[in-house]
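Chain E is fixed; fit chains V and L onto it per the hints.
Residue strings, one per chain:
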Amino acid sequence: MNHWPTLVYGLFAMGALGVYCLLPRAERSMRAAGAVLGAAALAGFLVLFARYAVSPQGSGVVFLVSGAIAIAAAVKVITHERPVYSALYFVLVVLAITPLLILQSAEFAAAALVIIYAGAILVTYVFVIMLAQQSGAAHYDRQSREPFIAVLAGFLTTAVVAAGIMELPVPAGGDPTAMGGEGPSNTEVIGRVLMADYSAALEIAGVLLLIAMIGAVVISRKRVPTEDVVESRTPGMIGREVPPY
Amino acid sequence: MMSLLEDQFWFSAALALVIFGAMMTAVAYCIYFERKISAWMQDRKGPNRVGPLGLLQPLADGGKFLLKEDIIPANVDKPLFVLAPAIAFGLGMIGFVVLPWGGRVDVDGDGAVDVIAQVADPGIGLLYLLGIGGLAVYAVVLGGWANNNKYAFFAAMRSTAQMLSYEIPMGLAILVIVLMTGSLRLEAIVLSQLGGGNVWNIVHHPLAFLILLTTLFAETNRTPFDLAEAEQELIGGYHTEYSALKFGLFFLGEYAHMITGSGLIVVMFLGGWHLPWVPGLRPEDVSIGAMVLKMSVLGLKIAAFLFLFMWVRWTLPRFRFDQLMRLSWKGMLPVALALVCYTTWLVYVGRATDIRWTLGGNAVLMAVVLVISGVLGSPITGRQAHMPAVRMFASRPAR
Amino acid sequence: MIRDEDILNVDEPELTASERLYFPILVGMRTTFRHIFKKKITVQYPEVQRTLRVENYRGVHRLNRDADGRVACVACFMCETACPAHCIHIVAGESPWEDREKYPAQFDIDELRCIYCGMCEEACPVDAIELTPEYDLVGRTREEMIFDKEKLLEVFDRTNGVKPRKNPKITGYVATGRRNGSEPPRPGAATS
Chain E
8 MNHWPTLVYG LFAMGALGVY CLLPRAERSM RAAGAVLGAA ALAGFLVLFA RYAVSPQGSG
68 VVFLVSGAIA IAAAVKVITH ERPVYSALYF VLVVLAITPL LILQSAEFAA AALVIIYAGA
128 ILVTYVFVIM LAQQSGAAHY DRQSREPFIA VLAGFLTTAV VAAGIMELPV PAGGDPTAMG
188 GEGPSNTEVI GRVLMADYSA ALEIAGVLLL IAMIGAVVIS RKRVPTEDVV ESRTPGMIGR
248 EVPPY
Chain V
4 MMSLLEDQFW FSAALALVIF GAMMTAVAYC IYFERKISAW MQDRKGPNRV GPLGLLQPLA
64 DGGKFLLKED IIPANVDKPL FVLAPAIAFG LGMIGFVVLP WGGRVDVDGD GAVDVIAQVA
124 DPGIGLLYLL GIGGLAVYAV VLGGWANNNK YAFFAAMRST AQMLSYEIPM GLAILVIVLM
184 TGSLRLEAIV LSQLGGGNVW NIVHHPLAFL ILLTTLFAET NRTPFDLAEA EQELIGGYHT
244 EYSALKFGLF FLGEYAHMIT GSGLIVVMFL GGWHLPWVPG LRPEDVSIGA MVLKMSVLGL
304 KIAAFLFLFM WVRWTLPRFR FDQLMRLSWK GMLPVALALV CYTTWLVYVG RATDIRWTLG
364 GNAVLMAVVL VISGVLGSPI TGRQAHMPAV RMFASRPAR
Chain L
436 MIRDEDILNV DEPELTASER LYFPILVGMR TTFRHIFKKK ITVQYPEVQR TLRVENYRGV
496 HRLNRDADGR VACVACFMCE TACPAHCIHI VAGESPWEDR EKYPAQFDID ELRCIYCGMC
556 EEACPVDAIE LTPEYDLVGR TREEMIFDKE KLLEVFDRTN GVKPRKNPKI TGYVATGRRN
616 GSEPPRPGAA TS
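Protein chains in written order, with the working numbering: chain E, 8 to 252; chain V, 4 to 402; chain L, 436 to 627.
The shape of chain E in the complex, shown without the other chains:
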């Protein structure tokens, strides 16, 4: 048990080194080495947690597999050179996290994540990137700016969080069978908490979103000075004036 912290921190360092090598850069590429290191670190974690795979109804396996997919995809998000793929790997991260949420009986959060994040927000991301980058990747996509500092900061934070988690007792884990069970469901509880306990916060958030929406409409509805244009064309009474419709 004493070796645990060293092992975990070592794996974190290995993963950090791997991600550092994987980050796109202008000079000589170290991607192969990075991929090997990263994969090794991930495999190390899987081995460490392998004993949790033995659990009723295979929820441990689901946890390990989807967790590994989520981490690998997250690394891909920041290391891929093409922004479209980065955004798509982000979608994969979201999809890989949903089983984890469901394992924790947070099925409403899982569904909301898929519908709102993957189904709406990321579609727009992907879309904007596709529109914006029709011809090849820009130089700021091919080359990361501060790979060392970024990796250090990211993995230090993660390691600190992990250290905190390691202090905690191993939780009993969610009960996946709760989905079909009786009693107030997760969704119901969320609804009660949101609507009864935190209704003011909810209202404020809603009003904020409304303001943002109205603001977006105001910004987008820039009135084209139509008068001059139309006047110069009046002889023919061109069928339609300039938008906005």
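Treat each hint with caution, since some may be false.
Stated by the list, open to error - Sample of chain E residues at the chain V side, in silico, Cβ under 7 Å:
1) S36
2) V135
3) M137
What the hints assert, rightly or not - In silico EDC-like pairs for lysine to aspartate or glutamate, Cα to Cα no more than 20 Å straight-line:
4) V:K81 with E:E88
5) E:K83 with V:D10
6) L:K537 with L:D571
7) V:K333 with L:E454
8) L:K598 with L:E454
9) V:K153 with V:D80
10) L:K584 with L:E546
11) L:K537 with L:E579
12) L:K475 with V:D46
13) L:K537 with L:E482
14) L:K584 with L:E556
15) L:K586 with L:D562
16) V:K48 with L:E482
17) L:K473 with V:E37
18) L:K598 with L:E556
19) L:K475 with V:E37
20) L:K586 with L:D543
21) L:K586 with L:E533
22) L:K473 with V:D46
23) V:K153 with V:E236
24) L:K586 with L:D503
25) L:K537 with L:E556
26) L:K474 with V:D46
27) L:K584 with L:D543
Hints listed in this document are in silico derivations from the structure and should not be mistaken for laboratory results. Using N, Cα and C, we set each Cβ at its ideal position, and we do this for glycine too.
Just chains V and L now, kept in the frame of chain E:
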């Protein structure tokens, strides 16, 4: 064997296999019926050469999809090009698992209910379907972008905007029923519509039904909302560059989405597997035979909706893009919002399932819509008030 | 230059109240639904065939024979010149017969290139090339679809019963010039 089926897990597995097989067949025959119905409506006979009445046509079609040359054009983004049809088909094929096919079942006949005839009954069944609908956009977006074709990209652009816009009224229409029923579980929604003087939700909320129906047309990219594949403008849209089995997967995916969508609307508004005044279709009927009967009733209702989809497709022309957007944002969204607010109030005063209040509210709302559109004189589609009126063929301005 | 007074503004008509609420959709749906049960107009092709207007249907070409069974063409190249698709290829040879000067030693029509416009038929001074009502034209290779003289004459033999040749007289045709080893024919002797 029977004792294995008493366990929900194995029962679900068996049911999933059966329904998956049925779905595949149904999807193949959807293509056949699409061709047949379009032919009938155009005074033609349709495919009738392969097998009796042409019934083996789907096999021939499938063989053709398999055997044609699978072209991957140069300069496409190959991984995404391959991924897009897989997403379209895969998402179409996993939607059915939350549909309640046959109520509760007593497998061994000992009087105790063993399993529920549904592959999975999560507490978020409706949200699951909505999530799948949301992810389905990726197939179109990736397909349109990856094949490096401007027309296909236009299609992807249109489709994204369309699907994102129509998901909102769709969600609100569903929310009306969720508020009324108090559950996101599809089986619970079915049960709330029958027995004890209850009626199908379509009687309670015809407006929500219409909104959901319309948005389903848009979500499945069917006419009159098939701007993403507009042949005349975009050559076929996002699947322009696809051939052979990849095109086939897009095709099958569309029909699978139609089936799931029809199932959703049947469950939400038309009582699922329930038919009034027919014995053996009550929730208390739990024998295997009752389950089969319920499943066939649900299947028939879905088939009726598939016919509606096809009927509409071969009747209506396509919307223009601004009309499409206006219909969603200025037409259905306000109505759906008003409906949700009204239903919320009904829930608050405890009259959410009182037909006088729900149906009456719908009627009043409809009248208000009529009055507003009459007073404002601004149609949702067609010419807007601020567009100068010029009479057709008669406006040669005098000099 | 487009003048303003030439511009015709066509705008959508304003919708009525029912149109705004899409009620006319139901009318359209009723129409299509009724058509489901109407009599079908499909012609089941191989078993049932349409009756064609034989006189002016433009199908496969044929090269007509004259009354003596000889090819009627006089290799004047009018059809080849008139053909907009350039699908006719004629090689003229000296006619073995007394009554005409030239005959087609070779006469090829690429039926795949042909657009079946009938210009050759119009151009022909002796009505030797005609389009027949035969339309089920198939072949396995492109070469097969280039019809030579023999094949075109075969088409004539096949279709003569369906559409008899017009067979106009070649009037006022006088062969001129000297032939090898023979006297130039006298005027008037060679009219058919």
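Structure-based check of all given hints:
1. S36: violated, 20 Å
2. V135: It is violated, given that the least Cβ distance between E:V135 and chain V is near 10 Å, above 7 Å.
3. M137: Holds. Min distance 5 Å.
4. V:K81 with E:E88: Status holds; Cα separation ~16 Å.
5. E:K83 with V:D10: Judged against 20 Å, a Cα distance of about 41 Å means the pair is violated.
6. L:K537 with L:D571: Distance ~33 Å between L:K537 and L:D571 Cα, so the pair is violated.
7. V:K333 with L:E454: The hint holds at about 16 Å.
8. L:K598 with L:E454: violated, 55 Å
9. V:K153 with V:D80: Distance ~14 Å between V:K153 and V:D80 Cα, so the pair holds.
10. L:K584 with L:E546: holds, 13 Å
11. L:K537 with L:E579: violated, 27 Å
12. L:K475 with V:D46: Holds, at roughly 5 Å.
13. L:K537 with L:E482: This hinted pair is violated, its Cα atoms lying about 44 Å apart.
14. L:K584 with L:E556: holds, 16 Å
15. L:K586 with L:D562: The hint holds at about 18 Å.
16. V:K48 with L:E482: Status holds; Cα separation ~15 Å.
17. L:K473 with V:E37: holds, 18 Å
18. L:K598 with L:E556: Holds: L:K598 and L:E556 sit about 14 Å apart, inside 20 Å.
19. L:K475 with V:E37: holds, 17 Å
20. L:K586 with L:D543: With Cα atoms ~9 Å apart, L:K586 and L:D543 stay inside 20 Å; holds.
21. L:K586 with L:E533: Distance of about 25 Å is beyond 20 Å: violated.
22. L:K473 with V:D46: holds, 7 Å
23. V:K153 with V:E236: holds, 12 Å
24. L:K586 with L:D503: Holds - the C-alpha atoms of L:D503 and L:K586 are around 18 Å apart, at most 20 Å.
25. L:K537 with L:E556: Cα-Cα ~19 Å, so holds.
26. L:K474 with V:D46: Holds. L:K474 to V:D46 sits at ~7 Å (cutoff 20 Å).
27. L:K584 with L:D543: Judged against 20 Å, a Cα distance of about 6 Å means the pair holds.
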